[in-house]
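Just so you know, the sequences run in chain order W and Y. Here the first sequence stands for residues 1 to 210, where the numbers follow our numbering. Here the second sequence stands for residues 1 to 427, where the numbers follow our numbering.
There could be a bad hint or two in this list.
Pairs of lysine-lysine, DSSO-like flavour, derived with a Cα cap of 30 Å [what the hints assert, rightly or not]:
| # | chain 1 | residue 1 | chain 2 | residue 2 |
| --- | --- | --- | --- | --- |
| 1 | W | K207 | W | K30 |
| 2 | W | K91 | Y | K344 |
| 3 | Y | K319 | W | K17 |
| 4 | Y | K319 | W | K65 |
| 5 | W | K91 | Y | K203 |
I should point out that these hints are in silico values taken from the structure, not numbers from a laboratory. In this text the structure is predicted, and so the values were computed from the model without any measurement.
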Amino acid sequence: MSANTAVAEKYRNNFLKEIEEQVEMGDWVKMCMQCGVCSGSCPTNFQSAWEHPPQELFMMIRAGKREEVLSSSSMWNCTSCYNCIVRCPRKLPITHIMHGIAEYAHRLGMAPKMQPTRFFSGLFWKNATHTGRVNELKLSMGLYFKDGFVQGVKNGMAMQSVALGLVKAKRLNVMELFGGHKCKDQKGIHAMLKKAYEIERSRKTAKMAG
Amino acid sequence: MTEHVATNETILVVGGGISGMTAALEAAETGKNVVLVEKNPALGGRTSQLYRYFPKLCHPTCGLEINLRRLKGNPRVRLLTMAEVTGIDGSTGNYTATIKVRPRYVNENCTACGECGRAVEMKVDDPFNYNLGQHKAAYLPNTMAYPQRYVLDPAIIGTADADRAKAACKYGAIDLDMQEETIQVKAGAVVWATGWQPYDAAKIQPYGYGRFKNVITSVEFERLADLQGPTGGKILRPGDGREAKNIAFIQCAGSRDENHLRHCSRICCMASLKQTHYVREKHPEDGKSTIYYIDIRAIDRFEDFYQKVQADPSVNFIKSKVAKITEDEHGNPVCHGVDTEGYKRYTTPHDLVVLAVGMEPSVKGINIPGHIVADSSGFIEADPANGAVFGAGCASNALDVNRAVQSATAAALRAIQVVNKVAKAEA
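Just need the whole structure built from these sequences, with the hints factored in.
Now the structure itself:
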């Protein structure tokens, strides 16, 4: 390491290093030149719905604002439209970085618990891996009742006509609420996922070790 | 101009813009014989297409005039206009260039009286004005054109217009039988000064250049501001001919972008800062400029120029790269983006949007001779592998006029050293 890089190293804050090491594609964060094209190209309206657009998050990471970034709901609002990646003049994989930060915050348990995207992601994963098939009825019911029974009933009533339409068109089977369809080899799926977890864990340990 | 036979002690200069002219003159004034090849019918290149240049805001006439005067007085420069180098063979101290010369259909007798232009009816696109307007098919390339000679567009050859032009000429200057020629020129060293071209703005899809008429490029804006330009110096919107007063300048249109040009084109920030002066000059009362930028790079020693523009209340700076442009029902371009100072969204209509387009080296993709070592943007590198082919001006880097001239002088000096060695060996 030359004298110059040693000095530069001194001024790099720990949080940026942490993001680079722990977050998938996190090493791209330092490449952002703060032009603002990503935020301008974002189809979601971050001013009313969420706090920090991508380039602000990158700046916050570089400023060492660990708490604010990891507990933020912002990266959970990404819809993966890829507009930002297409237009970024430095070719930062912004969408992937957003998901990477979200995943890391979730791993640390710092992600906002009832944030709908995070909640839904957990629900979907559980639902899909349990039987090897997605039970759409249970999945949407789970989301409706996220904020308690009363709100759940209200949500259900609001979506009533859509549900009836789906039932009529045979896209929704009410009987799915009891058991529902399954994958033939449920045990196989679970074994496969267990193996995948093991591989992921060993990889992460290896990465942490250096 | 004295005709001289090109030898291995001759320096070939390709491109007759500010860099090529400088290199040719510097070499010729040390006693070297020079062949200067220019693709267009007149010298001056992109410099002559500017309205004014920074930092002093003088008209390019003033800078080019002195060079033209030096050229007129120097018998050692042989000038070939409407000529293009199609290939170079050989090695250091011994090159042979193949040059294609297009017919001008007008010989040295021309006095630029303009009778042929008045006689001709057909109009063709005017590349000097970036095709924003048309000119007669018998034309003087621009008011300060050198050589000061008319040109007939090939489109009128064989038509009644050509005969009318010939009949109108009192000096026997029109020769309709001129043919394309291919000639060979010997040279000991080559200065490659083919300059730059504005980046094709239509490739920056979200900005809508080509789809929205009131989105133009910075080079086109120069022509609109010029009194000799297609609008007589009035900044009129191409969409409806209405005068534009609220004008947006978008920086890094193509430059500093991995999807377009990797390099910073260096001149565009200064060019836009300069162009805000045009807006105020044309509309001192209600002219308004808005510069959208990533960061302003006032190259060289021009920070004071930037500060003066910053102090101008008619100029607004917004630190943001515009994400996209749309068009409203009045034909106004609307800029969409997020201001990075405060992270606020904006949706701002303007009368006219000027894209400060980047510089693409004209030499890009040309492999003469054999192989030229260029950087990742296509600019010629100073590399021993290039032999005695030296890049000058914007063929070697993104430069403003000032630095291009410095670069051309350096290239001339390198070329002189090569032909001096040849002279010693031959003596």
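Inset, instruction - Would you mind confirming whether the straight-line C-alpha gap from Y:K319 to W:K65 stays at or under 30 Å? - result: Within the cut-off at roughly 23 Å; holds.
Legend entry - W:K207 paired with W:K30 [C-alpha distance capped at 30 Å]: 20 Å, holds
Inset, instruction - Below or equal to 30 Å on CA atoms is what counts here, so check W:K91 against Y:K203. - result: Cα-Cα ~17 Å, so holds.
Inset, instruction - Please work out if W:K91 and Y:K344 have their alpha carbons no farther apart than 30 Å. - result: Since the Cα atoms of W:K91 and Y:K344 sit roughly 23 Å apart, the hinted pair holds (cutoff 30 Å).
Legend entry - Restraint status (C-alpha distance of Y:K319 to W:K17 at most 30 Å): Holds, at about 28 Å.
The structure shown violates none of the earlier numbered hints.
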